[in-house]
Amino acid sequence: MSHDAIDVGTGVAGLTAAVRLAEGGARVLVLAKGVGSTHLTGATIDVLGNPYMGSDPFNVGEAIARLPADHPYARVGGAPAVAAALDWLRAQVADGPLEGYEYAGGLERNRLLPTAVGALKPTAMAPVTMLGGEGRDPVAVVGFRQLKDFHPALVADNLARAGIAARSIELDVAVEGRADANAQALARHFDDPAARGAVAGQLAGRMRAGERVGLPAVLGLRDPARVWRELEHRLGRPVFEIPTLPPSAPGMRLYAILRAALRRLGGRVILGAAVTGPLGAGARLDGVRAAVGRREVVHRAGEVILATGGFAAGGLVLDSRWAGREAALGLPLAGMPAAGEPRFTAGYFDEQPMARAGVAVDGELRPVGRDGAPAHANVRVVGASLAGAAPWREKSGDGISLSSGHRAAELILGAAARPAVAA
Amino acid sequence: MSAAPAAAGGEDAVSVGGAPGGVLGDLMRGSLDHCVKCTICETHCPVSNVTPLFPGPKYVGPQAERFRVAGEASQDASLDYCSGCGICTQVCPHGVHIAEINSQARARMKETAGVPLRDRILGRPTLAGRLGTPVAPLANATLASRPLRRVAEKVIGLHREAAMPTFAGRTFQRWARAHTPPATAARRVAFFHGCGTNYYEPRLGEMTVALLEHNGCAVEVPRQDCCGLPLQSNGLFGDARGYVRRLVARLLPYARAGTDIVGTSTSCTLMLKREAREILGMEDDADLRLVSDAVYDVCEYLVMLHERGELRTDLRPVPETVTYHAPCQQQGHGIGKPALDLLALVPELTVVETDAACCGVAGTYGLKREKYDIAMKVGADLFAQIEAAGPDTSVCDSETCRWHMAKATGVPTVHPVALLHRAAGLA
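Chains as they are written, first to last, in the working numbering: chain A, 306 to 728; chain B, 7 to 433.
If we strip away everything but chain A, and leave its shape as in the complex, we get (with noise of 0.2 Å):
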């Protein structure tokens, strides 16, 4: 079938412009080649953090404001859309499948929550089940022998250097009889009531007045908001979330209310889909080439969005020889470091030579070539596919991805409301 538009990709970008176009009355498909990242993230939403954070409390829409013209939160239209993009997730996850979970948070300040290294990382908003993350009280670091990715221990010792009162506790929980579990195993543990009362019960007893309890983000993934308020009844005191390792619990509850989402709205999903190439070649495509199984398929569409991520997922590729190129339609890359220049730089979390490297859009979000003019009028590039951002260090990747996928579609919304310019 043709559709009003295609998205590629099912990350946060993906899946929030395939929403909101959905939501706005298009036809959507989905093509991806599987799943994307939202199983691999904490699922918070970091917009921008450390290199610009020069006063605490943290206004992020005022350090968005100073970016530079070539920045992708520039590019979306700056801190009112990336406010916007919040409050339609907000309001997402507020009306999804899971009763009670909600996000929250925004510009106005960043708060700072404890990574499963017990770091402290900024972020303008989160799930409700993290939320007692943030602040200075004591606090009780709770994990699983079973847990293999999660050592509280460690969570525990690195809060302590940032000052903050924090001592560890490890305890046994017999899951589902294996010898040891993921995150996602464990979630499904505290799915049951029986289960995690027990949890509670072993906890209750070791508890110190005014400490907060952190517990690696495993509260469910049916109801975890009743989970998460079950056991702060139970014990009588705040309890968080902090984001694990892989698969992450918070990021499945993200997929499967965005996911749940299209569903309602009509959008179409096929997996296992490797866009090879545009249809078309002209100023608008007339959709994409896909590859699926032993064949190639055409699926043709009035608007495509990108959003297939960037080196480490493969959206974007290098050949042997360092050349770059955007991975499904061939689009050129912006910001990779001239030949002879050093590509990358000894110091892990400095600034990269090639980190900024990505595909160049206008303001509409439509790739351009050298010359700076839209190379296709029909399609825009979101998420961590875009050039001029430097996301882990910046800690902007959600936001970017969130905020751009939600631009294109209001931007592909808009000119569908607008009559037709007589050519």
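No lab work stands behind these hints, which were simulated from the structure alone. Positions of the beta carbon are idealized from the N, C-alpha and C atoms, including for glycine. Be a bit skeptical, because a hint or two may be false.
[Stated by the list, open to error] Computed footprint of chain B on chain A, listed as stretches where at least three residues anywhere in the stretch have a Cβ under 8 Å from a Cβ of chain B:
id, region
1, 330-340
2, 447-455
3, 481-487
[What the hints assert, rightly or not] Straight-line Cα separation of at most 25 Å, DMTMM-like style, residue types lysine to aspartate or glutamate; simulated pairs:
id, chain 1, residue 1, chain 2, residue 2
4, B, Lys383, A, Glu404
5, B, Lys43, A, Glu481
6, B, Lys383, A, Asp485
7, B, Lys383, A, Asp496
8, B, Lys43, A, Glu631
9, A, Lys426, A, Asp454
10, B, Lys43, A, Asp454
11, B, Lys43, A, Glu404
Starting from the known structure of chain A, fit chain B onto it as the hints suggest.
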């Protein structure tokens, strides 16, 4: 979705690759090097999510494969708890052929460990069909007899509660021989009906022919045998290849003549489209590739006709509510859910799309004594959604899934064609 049918001058439907089987086999296995252990396959595995007996696709797939020595069998018996639904391959964002690697490793394991008699029987539905059809009342009474099913469970390991189809007592092939096609037609179509339609659901075959004829197709029904999928699922690759070759020989004249081959069984059409090439390593079989490229799922085909404005949409209202479940192997086609597009054309029909990847049965997996409970747990979410929707009918493209779902929910479960046939006024 618009791979153009061959009859329409299909320059869109071209084969990717075309490399010889050995090379493609290496590509399947070699794809494990793209695994970054992100765990996305594990989060979606319907089996490892309900039982610790299966440690998950990443463990037994790309991770264990690195330790398997060429020519030696895998020693990890948990591999046999993979249901072969293929969802791991569908969700992998890095293109690792996890399900294919697992299927191949399981076949190597079974080469040394041996294949139980039960799996040899389940692997040959045409044998059961030929034996049962002439004595259908007796065969059906046997399958419905609780004492005999208990004996069957003990002796051969077929679970006593597993949903079994009912022998129709006649074959679709016999009906097709006697059927007179319309005098004029816009195009020719060859119907690959599969074993389920031939022995158990001949009515589905009749409805498919009527619906295709109603939409301007002259339907030819080649003589045909099993596609080999049940043998492949049970690790009997050598026998499975024999069935593929025989079926391909039957369908080849149609593919050569540029006639589209349309099927109603999503797992059997997937076998011809992909699995025989990717799992059985038959990529170097030029005849198979030719047939493979001509095969379409019936809903996929009807949507393509609709796109070209060649599908009749003068449909009667069906003022009912149905649930639609796209089976795991239908999703392996990578064609989305064309049944939803077709059912949306039916006036007054309310369609509830379920949110479940697999009903649990996965072909013959859920029929086995040691796996039935797992299959029921996998399907529990789907069954609950169907029951919550309270539909008049439940709709699903794959026959073994329909039988399993109908038994578990008590809701009559039909192929999408059955509803379209009604809406077209052909019932």
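What hint numbers does the structure not satisfy? 2, 11
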